[in-house]
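For reference, the chains in residue letters:
2 protein chains.
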Amino acid sequence: MTEKAPWVTFRPELKVLDCTVRDGGLVNNSKFSDEFVRAVYDSCVQAGIDYMEIGYLNSPRLFPASDYGPWRRCDEEDLRRVVGDHDSAATGLKLAVMADAGKSDWKTQILPASESVLDVVRVACYVHQIPEAVDMIQFAHEQGYETAVNLMAISIVQEIEIEQALEVFATTPASTVNIVDSFGALYREQVDHLVKMYMAALEGTGKHVGIHAHNNQQLAYANTIEAIILGANRADASMAGIGRGAGNCAMELLLGFLRNPKFKLRPVLQLLQDHMLQLREEIEWGPSVPYNITGQFNRHPREAIQFRAGETPDDYVKFYDQTVSDI
Amino acid sequence: MTEKAPWVTFRPELKVLDCTVRDGGLVNNSKFSDEFVRAVYDSCVQAGIDYMEIGYLNSPRLFPASDYGPWRRCDEEDLRRVVGDHDSAATGLKLAVMADAGKSDWKTQILPASESVLDVVRVACYVHQIPEAVDMIQFAHEQGYETAVNLMAISIVQEIEIEQALEVFATTPASTVNIVDSFGALYREQVDHLVKMYMAALEGTGKHVGIHAHNNQQLAYANTIEAIILGANRADASMAGIGRGAGNCAMELLLGFLRNPKFKLRPVLQLLQDHMLQLREEIEWGPSVPYNITGQFNRHPREAIQFRAGETPDDYVKFYDQTVSDI
Numbered sequence: 001m002t003e004k005a006p007w008v009t010f011r012p013e014l015k016v017l018d019c020t021v022r023d024g025g026l027v028n029n030s031k032f033s034d035e036f037v038r039a040v041y042d043s044c045v046q047a048g049i050d051y052m053e054i055g056y057l058n059s060p061r062l063f064p065a066s067d068y069g070p071w072r073r074c075d076e077e078d079l080r081r082v083v084g085d086h087d088s089a090a091t092g093l094k095l096a097v098m099a100d101a102g103k104s105d106w107k108t109q110i111l112p113a114s115e116s117v118l119d120v121v122r123v124a125c126y127v128h129q130i131p132e133a134v135d136m137i138q139f140a141h142e143q144g145y146e147t148a149v150n151l152m153a154i155s156i157v158q159e160i161e162i163e164q165a166l167e168v169f170a171t172t173p174a175s176t177v178n179i180v181d182s183f184g185a186l187y188r189e190q191v192d193h194l195v196k197m198y199m200a201a202l203e204g205t206g207k208h209v210g211i212h213a214h215n216n217q218q219l220a221y222a223n224t225i226e227a228i229i230l231g232a233n234r235a236d237a238s239m240a241g242i243g244r245g246a247g248n249c250a251m252e253l254l255l256g257f258l259r260n261p262k263f264k265l266r267p268v269l270q271l272l273q274d275h276m277l278q279l280r281e282e283i284e285w286g287p288s289v290p291y292n293i294t295g296q297f298n299r300h301p302r303e304a305i306q307f308r309a310g311e312t313p314d315d316y317v318k319f320y321d322q323t324v325s326d327i
Numbered sequence: 001m002t003e004k005a006p007w008v009t010f011r012p013e014l015k016v017l018d019c020t021v022r023d024g025g026l027v028n029n030s031k032f033s034d035e036f037v038r039a040v041y042d043s044c045v046q047a048g049i050d051y052m053e054i055g056y057l058n059s060p061r062l063f064p065a066s067d068y069g070p071w072r073r074c075d076e077e078d079l080r081r082v083v084g085d086h087d088s089a090a091t092g093l094k095l096a097v098m099a100d101a102g103k104s105d106w107k108t109q110i111l112p113a114s115e116s117v118l119d120v121v122r123v124a125c126y127v128h129q130i131p132e133a134v135d136m137i138q139f140a141h142e143q144g145y146e147t148a149v150n151l152m153a154i155s156i157v158q159e160i161e162i163e164q165a166l167e168v169f170a171t172t173p174a175s176t177v178n179i180v181d182s183f184g185a186l187y188r189e190q191v192d193h194l195v196k197m198y199m200a201a202l203e204g205t206g207k208h209v210g211i212h213a214h215n216n217q218q219l220a221y222a223n224t225i226e227a228i229i230l231g232a233n234r235a236d237a238s239m240a241g242i243g244r245g246a247g248n249c250a251m252e253l254l255l256g257f258l259r260n261p262k263f264k265l266r267p268v269l270q271l272l273q274d275h276m277l278q279l280r281e282e283i284e285w286g287p288s289v290p291y292n293i294t295g296q297f298n299r300h301p302r303e304a305i306q307f308r309a310g311e312t313p314d315d316y317v318k319f320y321d322q323t324v325s326d327i
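Those protein sequence lines, which keep their order, are chains A and B. Heads up: the first sequence begins at 1 in our numbering, then just goes up one per residue. Heads up: the second sequence begins at 1 in our numbering, then just goes up one per residue.
Chain A on its own, in the form it takes in the complex:
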């Protein structure tokens, strides 16, 4: 199909996931107020967003309530305090959590779906954790959830390993396999290469390819729409782009691009001015030069995060020299 101007139309099967509370929780140890989480939830419902990832389903041993807010563990009582008896059919919104391989007590934390307000479990793993991830996907599926998988940090994974991982994921019940640019290091041509690889590997399985981009080089939005253009049917975004380090694709940009009239930008803008501006006064996220540099060098952003929190957050040359000498 060669269309003259495909950007004026839309694909009904394209679905959007809000990861504000989940990924944003990496900035503030998931210490969001109930009021804030509820406001995000209401905004997602009003905006026609398909999924809201409300936090991590990770272990209370590793992430105790003394140090982390409830959205790192997502106990059922915490969820219900905010979203009540959430009904995905009535609201059009599915509630998701992320369970990290190696960090989740998933056998006890994933309740039967009939006992939970949650609809979806997304499993995140690094390339050395694929066997556990497969077990987690299978278990969550058997408990009655829609499942998805995020293979993280793929910009430092060998291509044959990604191909092997995709072969494995193709045999699981996961409905979606997400391309995750954890380091915000990918350029458009690399996104193209990966989207084509993921789509080819999953062809005929009925599974969707998704995209989760980071904004280290101010390319999160561009790479997200690039993946969409090439056929990715799942896209992650967050309000004001909140997320670890340089943050994610901004929901207000993504919804402005999508042409499906079910998506409404106005409720998102309302959330930005009512809540995100205040949050920006309290915590930092978004692209800055140190994140540009870790993205350019294809490195984990943790050094940039530390540098931004240190004594000389704007001594860019120092950070550059330190990075150059360290590779």
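Careful, some of the hints might be misleading.
In this list, chains with the same sequence are indistinguishable; a pair is considered to hold if it fits within one copy or across any two.
Within a straight-line C-alpha distance of at most 27 Å, the following computed BS3-like cross-link-like pairs (lysine-lysine) qualify [claimed, not checked]:
| hint | residue 1 | residue 2 |
| --- | --- | --- |
| 1 | Lys107 | Lys262 |
| 2 | Lys4 | Lys196 |
| 3 | Lys262 | Lys318 |
| 4 | Lys15 | Lys264 |
| 5 | Lys196 | Lys31 |
| 6 | Lys103 | Lys264 |
| 7 | Lys318 | Lys107 |
| 8 | Lys264 | Lys318 |
| 9 | Lys262 | Lys31 |
| 10 | Lys107 | Lys31 |
| 11 | Lys264 | Lys196 |
| 12 | Lys262 | Lys103 |
| 13 | Lys4 | Lys107 |
| 14 | Lys196 | Lys15 |
| 15 | Lys264 | Lys107 |
| 16 | Lys103 | Lys4 |
| 17 | Lys196 | Lys318 |
| 18 | Lys196 | Lys103 |
| 19 | Lys31 | Lys4 |
Everything labelled a hint here was simulated from the structure, so no lab data went into it.
Please build the complex by placing chain B on the supplied structure of chain A, with the hints as guidance.
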């Protein structure tokens, strides 16, 4: 030519233009200190940047010294006070000015090249000013300058008009024709369409296609590298992305992408921390929600600029409603 991973190589003919002082001058009426302009100049030389656009060659009648800094008019004495007897062969840097059709007294302002430190005149015009632009290009060429042309606001120009303009520009001495996304409204597929159109129209003329992007939707950098990928050999960027409204493609991002070892990122980072951080305290530029919205609606950013300068710069819903009701 099908390359496996073209992003690890480079095209020697790709040249970068710094428009910090020229486009940034639209934020502060071109009131940059001599010290600042000299620092940008030094940074460009050290970073291996090919062109520095040092200001506008526009009329002192329209832009008097009482209201505008010297970089709006670029009198030879002002230029020489900062760059001395600038030598492009010795520094590797060509000095450019922009002359706006309708705003420049070009017949008197463009001196013979032998009497000026300037190397390049870029002519900017809207679609209704093409005949004057052609005269300006011809005159500047005859005075001994390299010339280029920027047809502005093309996201609201009819395609047959662009095609006609390109036919005309192909007959001029202009060495470069720039794709100018004045409204920051273009998406990747539109950039592709335009780059292909410009390249086809100029094929065989020896002219280059350039890209001048704006960051209203945080796509300036992405669209710039997209144009480069498709063959554009001239790219505009500015330090910290300074420029009218949402600003331009950030030089620190562009140089991080380019693989030609002649480009050095470090001098740019030094300028950012020594000068651009302070400037950010004094004047505002860069993407924010009102610019996102004018970009999404393919409108001139002037309303967003006014809104950001007004009483309620962060009342995004108000600006959205105002924009929606006004179209």
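How the hints compare with the structure:
Within a single copy, Lys107 and Lys262 get their C-alpha atoms no closer than 37 Å, and across copies no closer than 55 Å, so neither meets the 27 Å cut-off. Taking CA atoms no more than 27 Å apart as the test, Lys4 paired with Lys196 passes in both settings, with 22 Å inside one copy and 14 Å between copies. Taking the shortest Cα distances, Lys262 and Lys318 sit within 27 Å of each other only across copies (21 Å), while inside one copy they are farther apart (47 Å). In this assembly of identical chains, the alpha carbons of Lys15 and Lys264 lie at most 27 Å apart only when taken from the same copy (13 Å versus 41 Å across copies).
For the homomeric pair Lys196 and Lys31, neither the shortest alpha-carbon distance inside one copy (38 Å) nor that between copies (49 Å) is at most 27 Å. For the identical chains of this complex, Lys103 and Lys264 are neighbours neither inside a copy (35 Å) nor across copies (41 Å), given an alpha-carbon limit of 27 Å. Proximity of Lys318 to Lys107 under the C-alpha cut-off of 27 Å is found in neither arrangement, the shortest distances being 46 Å within a copy and 48 Å between copies. When the C-alpha separation of Lys264 and Lys318 is checked against a cutoff of 27 Å, the pair qualifies only between copies, where the shortest distance is 15 Å, while the shortest distance within a copy is 43 Å.
When the C-alpha separation of Lys262 and Lys31 is checked against a cutoff of 27 Å, the pair qualifies neither within a copy, at 31 Å, nor between copies, at 46 Å. With identical chains, the CA atoms of Lys107 and Lys31 are at most 27 Å apart within one copy only, with a shortest distance of 25 Å there and 64 Å across copies. In this homomeric assembly, Lys264 and Lys196 never come within 27 Å of each other (Cα to Cα): the closest approach is 30 Å inside a single copy and 33 Å across copies. Within a single copy, Lys262 and Lys103 get their C-alpha atoms no closer than 36 Å, and across copies no closer than 45 Å, so neither meets the 27 Å cut-off.
For the identical chains of this complex, Lys4 and Lys107 are neighbours neither inside a copy (50 Å) nor across copies (43 Å), given an alpha-carbon limit of 27 Å. For the homomeric pair Lys196 and Lys15, the shortest alpha-carbon distance inside one copy (19 Å) is at most 27 Å, but the shortest distance between copies (31 Å) is not. Proximity of Lys264 and Lys107 under a CA criterion of 27 Å is satisfied in neither setting, with 38 Å inside one chain copy and 52 Å between copies. Neither within a single protomer nor between protomers do Lys103 and Lys4 lie at most 27 Å apart by alpha-carbon distance, with minima of 47 Å and 37 Å respectively.
Taking the shortest Cα distances, Lys196 and Lys318 never come within 27 Å of each other, neither inside one copy (39 Å) nor across copies (41 Å). Taking identical chains as interchangeable, the C-alpha atoms of Lys196 and Lys103 are never at most 27 Å apart, the minima being 31 Å within one chain and 49 Å between chains. In this assembly of identical chains, the alpha carbons of Lys31 and Lys4 never lie at most 27 Å apart, being 47 Å within a copy and 45 Å across copies at closest.
The structure shown violates the earlier hints numbered 1, 5, 6, 7, 9, 11, 12, 13, 15, 16, 17, 18, 19.
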